[in-house]
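**Student:** Same order as they appear, the protein sequences are chains A and B.
At position 6 of the first sequence (counting the first as 1) the number is 6 in the numbering used here, and the numbers step up by one without a gap.
At position 132 of the second sequence (counting the first as 1) the number is 1132 in the numbering used here, and the numbers step up by one without a gap.
Do not rely on the hints blindly, as some may be mistaken.
To be verified - Subject to a maximum C-alpha distance of 27 Å in a straight line, what follows is the list of computed DSS-like cross-link-like pairs (lysine-lysine):
| no. | chain 1 | residue 1 | chain 2 | residue 2 |
| --- | --- | --- | --- | --- |
| 1 | A | 94 | B | 1582 |
| 2 | B | 1004 | B | 1316 |
| 3 | A | 94 | B | 1577 |
| 4 | B | 1360 | B | 1388 |
| 5 | B | 1233 | A | 29 |
| 6 | B | 1209 | A | 121 |
| 7 | B | 1077 | B | 1574 |
Claimed, not checked - Simulated restraints, written as ranges between beta carbons of each label pair:
| no. | chain 1 | residue 1 | chain 2 | residue 2 | range |
| --- | --- | --- | --- | --- | --- |
| 8 | B | 1098 | A | 31 | 46 to 56 Å |
| 9 | A | 31 | B | 1248 | 20 to 30 Å |
| 10 | B | 1284 | A | 72 | 49 to 59 Å |
| 11 | A | 40 | B | 1336 | 51 to 61 Å |
| 12 | A | 148 | B | 1363 | 39 to 49 Å |
| 13 | B | 1059 | A | 31 | 29 to 39 Å |
To be clear, the hints were calculated from the coordinates, so they are not data collected in a lab.
Please read all numbers here as calculations on a predicted model, not as lab measurements.
Glycine included, each C-beta is placed from N, C-alpha and C at the ideal position.
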Amino acid sequence: MELNKRVLIGTVGYQLLGNHSVGPNLLPKLQAIKWPDDVVVDEMNWGPIAIIQYLESLEVPFDRVVFLVAIERAHRKIGEISLYKWMGGLPDDKQIQACVGDAATGVISVENLLVIGEHFKVWPKEVYLIDVEPGMEIAGEQFTKKVVAQVPKILELTRQIALNGIDESMKILELRGDTLFN
Amino acid sequence: MCFKNLPIDFDENGKAFLKEGLSNPYEHKVVDLGVEQDKLKGLMERNGFIRSVDYDPVTRVAGALAFHSVVDLKEKKVLSTNSMATLFRGYEVILKGRDPRDAAYISSRACGVCGGVHATCSALAIEMAIGIKPPPLGIVMRNILLALEYLYDHPLHLFLLAGPDYSEEIVRETNPELIDLAANTPAKNKAVHGYENVLDIMKDLNPLKGKLYLEALSMTRVAREAYVFIGGKYPHPQSVVPGGLSVNVTMSTLNEVYSRLIKFFDYSQKVTGIWDDVFDFFLDSNPEYAKCGIRPANMIDTGVWDRPDAYDATFKNCNEWGNARWSTPGVLINGEVVTTNLREVNGGLEEFVEHSYYEKWDGHQFKTDPLGMPLSPNHPWNKETIPKPGKQSWRDRYSWDTCPTWDRMPMEAGAYSRIYLTAKAKKAPESKFLENTGHSMKIHVPKHQLPERTLEWKIPDHWNTFERNRARAYCIPYSAMVAMDNWLLAQKLIMNGETKMSTPFEIPKKGTHIGFGAWGAGRGFLTHHLIIKGGVIDNYQIVTPSTLNAAPRTPWGAPGPYEEAVLNTPILEKYDKPEDYKGIDILRTIRSFDPCMPCTTHIMAKESDHIITREVTTCACGIE
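The whole structure should be built from the sequences, with the hints applied where relevant.
**Tutor:** Laid out in C-alpha cells, this is it:
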C-alpha cells in the first residue's frame, strides 16, 4: 500500500433492488476485510449534502475515494465491471440545483453525490467508481448468478484500488460532470 | 355536530350515530369528467392561445409529481388542472402479514426525508392497538426528536426547494419589472437579518451560491446532528419503538442537543424576518399575487407533540390527549375550527379511488370505531390497497394517489395547518414560550446572539401561495420553542430520576386489535391505520400530507388541493411569446404545499419482481 494515503471506500445504492444493490449488499464483506488504519469503509447513502458536510469537517481529508456502485448502462453484460475515474467538471447550474433538490429530498444517487461534491470542491484528485452492470431493476435481496460469480473479483478490485490506486494494466474510463447528464 | 356531508349525527350526549332512513348511507355521486375534457378539447382546437402546459416531473419536489394544466395565455388564466402521482407506493402491501414490530422500520422507508415521523406513527398505532403507554421521558424525547426533524425540514424547503422561486435569478427571468422595485424597497427587518433592501435578500436566495441558500444547508446539518443524539441516525432512526425510544438519555445528551438547538433561536428571527420581507414585497407590488394559490382554508391536522401527563395511547381518551398536544389536532373549514377531537378527525376520513389506479375493495369490516362512531366503508380501517395500473386519462384515472376527504371535502395539510389550528383553537396547554390568541401565535424566542424577541404569526385574510410559506417560516421558531419546552421537561425528569425511556410489550398472538397513529410530517397530517390479527399485520393504511394535497378529483368532481390552488392562480409572469412562458406562478403554488411524493407514491413489485415504474406513462402527451 502507498504510505500515508487516507482512503474512503463508500458503497452507494438502494437496498433490496437485486443486482442494483451491489454496494449496500457487499458492504459487510468489505468491512470484514482487514484494512490498514487509514482506510475507512462506510455506507454513503445518507444524503450527498450530509456526506459533503462530513467530508468538509474532516481535519485530515481523504486522499482517495473509491465508490462501489451498480448503474445500469447500455451495451454492458450483467456482472461486467467497469472502472471509472472522476475527472471533475460540472453540468450547468440548473442541473446542479436539480441534483441538490434530489439529494435534499432523499434520492440515493452516486451521480448526484459526485456533482454536488464537485460543486462544493470536496473531492481529492483520486476518485474512482467501481461500477458493476446490474441489468434491469429487479426487487429482492439476492444477486443473480452472473453477479454472484463476480463478487470475488469486485472485492479484489476494490481492495487493489483502495490500497494501490490504478495501474497501467487497468482499463480506466473517464467520468465527467459536464457530460454526465447529456 | 361537525359533519355536514357524512350521514353521521350526534345525540344530546354527544354520541355519534348513523342517520336513519337512508338505504345506502355512504352512497356518493360519480361525475363524468369527460364532459369537461370535451369542452377543453373544443376550446384548444379553436384557440391557439389555449394550451396544455405540463410539468413532468415538477422539479424541486421530493419524488414523482407531474402536473397537467390547460392555460389561456391570452386571458392569463388556468382553465383546468390535474395532479398526478406517477409512482405507486406499496408500503401498505409490503407491511401486510408482517410482525407489527417491523412496522416502524419498514414504514420509515416510505420517505427519504421524514422517515422518523413514519416510524413514530407506526409506533403510535401499535401503542393504541395493544395498549402501551410510554414512560414520560420516552414521550418527551420523542417530541424533541420530532421538533428537530422539523428544524431540518423547514429550512430545507424554504431555501433549497421553494426559495429559488423568489430568487433574483428567477424573478429577473420571469418578472423583470420587479427587480428595480425590489432594489428600491427597504427591508423592514434589517435589524435581524442585516439586508438593506429586498433585492439584496433575493440575491442571497439564488441557488447554489446565495448566502441564505448555503446557510440553510449548514442549518440542516445542525438539526441533523442534534437528531442523531436521540435517533441514532437520520432519516431512518434506529431508536423509535412502540412504547418509547430504545436509547438512554442523560444530561450530557440533553446538553449536546441544547448546544445545537440554541442556534435556531437567532435563525428563527432571521428566517421569519427574511420571508416577511420577501412575501410582503410581492403582495404589495401587485395585489393580484394574493390570488396565487388561493383556496379556502380547509385544512386537517392530527396535532403532534404529546404531553407526558396526558398521553395514554388509548383510543378512548384520544380527544383528551389530542387536545393536550403542543399542536392541536382538528379540522378547519373556511378558516373556522369545526373540531379539535381526534375521534372526529379520524371518523370523518375516507379514501376514494375512482380517479386513481386502484380497484375498489369489497366489504365494510369496521362499521363503527371502538366507541361507536359510524365509519364509512371508505375509511382507512376498511380500505384495502389493490393496485390496478392502467391507461392515464383525464376522463377517468390519472394518479397513483388516492383521494382522501374529510366529511367528503378535499383537505389541505401542511406545517402551516399545525400553526393555524393551534393559534385559532386556543386549546394547547400553557407554554413558557408559546401563546395562542385565536388570531395569532406569539412565539417568545429567548436571547442568543440576538436579543430575545416575540415573533407573531397572524392568521392571514387570504390563504394563498405566499401565506403557506410564511406560516412554514414561523413553524421554525414554533418547533424550536416546543423543543425547548420539552427540553426543560426532560431535564426535570432526569433530575427526578425518571430516566425510563420505554415500556416493554408483547404482541398478542390472538384476537383483533386496531389502532391508528396520528403524527405529523414536516409537511403536515400523517396517519397510519393498523389492524393486527393473530399477531401479524392484517391491514395497514398510510395517509400522508401529500396524499391529501396531491389528490385527484373526488368522485363527485371537486378538485384536489393542488388542483384547486393552481386553478385559482392568475398568470402574472411576463412573457412576449407563449413559447417564453415558464409557468412560475403555477410552480410557486405547487411548491408552496411542500410536495413530498415518496410517501405518497412508491415503487411496486408487480406480481413477481418487476418494477412498475418503467411501465407507467408519465408524459402527458397523447393522454385523453
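**Student:** Next step is simple, just say for each hint if it's right about the structure.
**Tutor:** So, going through the hints one by one against the coordinates:
1. A/94 <-> B/1582: Satisfied, since the Cα-Cα distance of roughly 14 Å is no more than 27 Å.
2. B/1004 <-> B/1316: The hint holds at about 24 Å.
3. A/94 <-> B/1577: This hinted pair holds, its Cα atoms lying about 23 Å apart.
4. B/1360 <-> B/1388: holds (10 Å)
5. B/1233 <-> A/29: Given that 27 Å is the threshold and the Cα spacing comes to 22 Å, the pair holds.
6. B/1209 <-> A/121: Satisfied, since the Cα-Cα distance of roughly 13 Å is no more than 27 Å.
7. B/1077 <-> B/1574: holds (13 Å)
8. B/1098 <-> A/31: 46 to 56 Å: At 28 Å between Cβs, range violated.
9. A/31 <-> B/1248: 20 to 30 Å: Given range 20 to 30 Å: holds, Cβ gap about 26 Å.
10. B/1284 <-> A/72: 49 to 59 Å: About 51 Å separates the Cβ atoms of residue 1284 of chain B and residue 72 of chain A, which means 49 to 59 Å holds.
11. A/40 <-> B/1336: 51 to 61 Å: holds (57 Å)
12. A/148 <-> B/1363: 39 to 49 Å: holds (44 Å)
13. B/1059 <-> A/31: 29 to 39 Å: holds (37 Å)
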